[in-house]
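2 protein chains.
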Amino acid sequence: MKLATLADGTPDGRLHIVSRDHQRSQPAVAARTLQAALERWVSVEATLRAESEALNAGGGEPFDPAHALAPLPRAWQWLDGSAYDSHGELMQKVFKLPPVDRGGRPLMYQGTSDRFYGPRHDVRLPSEDDGIDFEGEFGVIVDAVPMGTSAVDARKYIRLLVQINDWSLRKLAPIEMKTGFGWIQAKPASSMAPVAVTPDELGKHWRDARIDLPLKVDWNGRRFGAANGYPMSAGFDELVAHAAYSRDLVAGTVIGSGTVSNENFREIGSSCIAERRGIEMLDTGEPRTGFMCFGDTVRMEAAMPGGTPLFGAIDQKVVKA
Amino acid sequence: MKLATLADGTPDGRLHIVSRDHQRSQPAVAARTLQAALERWVSVEATLRAESEALNAGGGEPFDPAHALAPLPRAWQWLDGSAYDSHGELMQKVFKLPPVDRGGRPLMYQGTSDRFYGPRHDVRLPSEDDGIDFEGEFGVIVDAVPMGTSAVDARKYIRLLVQINDWSLRKLAPIEMKTGFGWIQAKPASSMAPVAVTPDELGKHWRDARIDLPLKVDWNGRRFGAANGYPMSAGFDELVAHAAYSRDLVAGTVIGSGTVSNENFREIGSSCIAERRGIEMLDTGEPRTGFMCFGDTVRMEAAMPGGTPLFGAIDQKVVKA
Chain A
2 MKLATLADGT PDGRLHIVSR DHQRSQPAVA ARTLQAALER WVSVEATLRA
52 ESEALNAGGG EPFDPAHALA PLPRAWQWLD GSAYDSHGEL MQKVFKLPPV
102 DRGGRPLMYQ GTSDRFYGPR HDVRLPSEDD GIDFEGEFGV IVDAVPMGTS
152 AVDARKYIRL LVQINDWSLR KLAPIEMKTG FGWIQAKPAS SMAPVAVTPD
202 ELGKHWRDAR IDLPLKVDWN GRRFGAANGY PMSAGFDELV AHAAYSRDLV
252 AGTVIGSGTV SNENFREIGS SCIAERRGIE MLDTGEPRTG FMCFGDTVRM
302 EAAMPGGTPL FGAIDQKVVK A
Chain B
2 MKLATLADGT PDGRLHIVSR DHQRSQPAVA ARTLQAALER WVSVEATLRA
52 ESEALNAGGG EPFDPAHALA PLPRAWQWLD GSAYDSHGEL MQKVFKLPPV
102 DRGGRPLMYQ GTSDRFYGPR HDVRLPSEDD GIDFEGEFGV IVDAVPMGTS
152 AVDARKYIRL LVQINDWSLR KLAPIEMKTG FGWIQAKPAS SMAPVAVTPD
202 ELGKHWRDAR IDLPLKVDWN GRRFGAANGY PMSAGFDELV AHAAYSRDLV
252 AGTVIGSGTV SNENFREIGS SCIAERRGIE MLDTGEPRTG FMCFGDTVRM
302 EAAMPGGTPL FGAIDQKVVK A
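Top to bottom, those sequences are chains A and B.
Residues in the first sequence are numbered consecutively from 2, following the numbering used here.
Residues in the second sequence are numbered consecutively from 2, following the numbering used here.
Certain hints may be false.
The list treats identical chains as one, so a pair stands whether inside a single copy or across any two.
Stated by the list, open to error - Simulated crosslink set (EDC-like; lysine to aspartate or glutamate; CA at most 20 Å straight-line): (1) 318 x 9; (2) 172 x 102; (3) 321 x 249; (4) 217 x 202; (5) 157 x 40; (6) 318 x 144.
If you're looking for bench data, these hints aren't it; they were derived computationally from the structure.
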């Protein structure tokens, strides 16, 4: 099942069912908004799936991602992991951070969730001097998860998969990291691709609570990376359990993978500029690629093998606030 | 003007006007919930103030804080500062952290905001082994604040003042701090005192965007501290501006002061156990006071000189989840 939220003038937008080929959509009958659907998922899922099957058989209106908000335009909670160790190790080099003994614990921070940009929204930021960077990620949206849920049990609360651009201001990030308090200024609002999908849409590419598909990232129209989502050192199940240790997770909590990264980044490229700069530092002693300028665009899309669309594309521009 | 939210079976509860003496309350007419009021504050404030004046003249029902939720039972954003340097310096000693050159920037982390406990709610936590601690704080609730707002301009967006208990799990905090990502497991949901007040209720005790009143903290019925809220190294105006550098703040964003602490903590005591342990480490080389046990209670209240109530009291128990 595929879901999108179209702009209707309200902060939460209007939930739509989207056809498997992303050509058509129709307003969901079982719930007005995705948040409302998530809050009573067990009782509305069957109806939503029936609506989806009917739409896939025909009908609906043309689906235009240009009118899409983020599937969840705002959420009560956004927790972002950093589950690709090849990325984390490079970041330590870029920011000259000492290695951290995490004792097997996943990395995770709490980010701003009161707004997720839609896939075509311009992203307003204060200054090019802050080191504007994209971060291509995958994410899950969970049902209510009770405090203390194990990783094994966490899988059953994963309702939807999404594709995210976690905007970062790289010059501010190490300053904030050194405080130990995490990021405020370095992590403005993130963006989501237009379509949220149930895990079954991925077939065998949803594997071990990971998305086994490449995320294609283009910066100003040129391919920048196509790292595969699978090699997370902690799967989404483990990230959910980590988050739920001392809190109940509210329905609609979004949990991110962190920047998708693979060990063979020299061949397949990167999902963020900071990683490429890290590679340049390893290879030549200094970063050569600059960060984004106002007017730059970034496009991110993960499709099924054969080209069937999945989340649709994030395709947006950075502008001066 | 004083506002509270009473339980009515919905997540956001029902907004009530509270009389100045906290003896009576009545449902607000101008808005059903505090979030709704904050989203159109400029148009509803005058009506709410008229309702407040009428209630102070007489009428209403008895106000029972036992039925109060947090004034804002959930918020789209909770950002907590650490603006008392006497506390921060002690914490560095307790956790053996290296000193951080912050370059004059305030400290702030993003915490979970999908739930604030009410003032009498039991607080469910997973284990006594995690070092359960209270943190008595003050906070502000702001209107929508545009990205890039200065500290001077930030003052006009501060709509309400609140009193907060920022629960912390101290054994987990340093582990998470070392990652630089901030806290997830170490910072479960916080609590709020029952009454949110407009700054004018404090008269001269709202000064330089700081609350110039002592916060009395009792642990299991014994006075633990009574630090004054004034000596913040960055006022709430500066905290709001810091938060709004690269994001628009949504109406209803809650911004905390961090644990209230004064330099003469040996005389007036502390607003959290970790600070007392820090003092013990300074004085004797090791901490002697243990953290909280299940069944322990904490009470926190800041009243006006002369005893007029202000935020009401947080008075709650820690229980096993």
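Status of the hints after comparison with the structure:
no., hint, verdict
1, 318 x 9, "neither (22 Å within a copy, 44 Å between copies)"
2, 172 x 102, "between (24 Å within a copy, 16 Å between copies)"
3, 321 x 249, "between (38 Å within a copy, 14 Å between copies)"
4, 217 x 202, "within (19 Å within a copy, 56 Å between copies)"
5, 157 x 40, "within (15 Å within a copy, 36 Å between copies)"
6, 318 x 144, "neither (32 Å within a copy, 28 Å between copies)"
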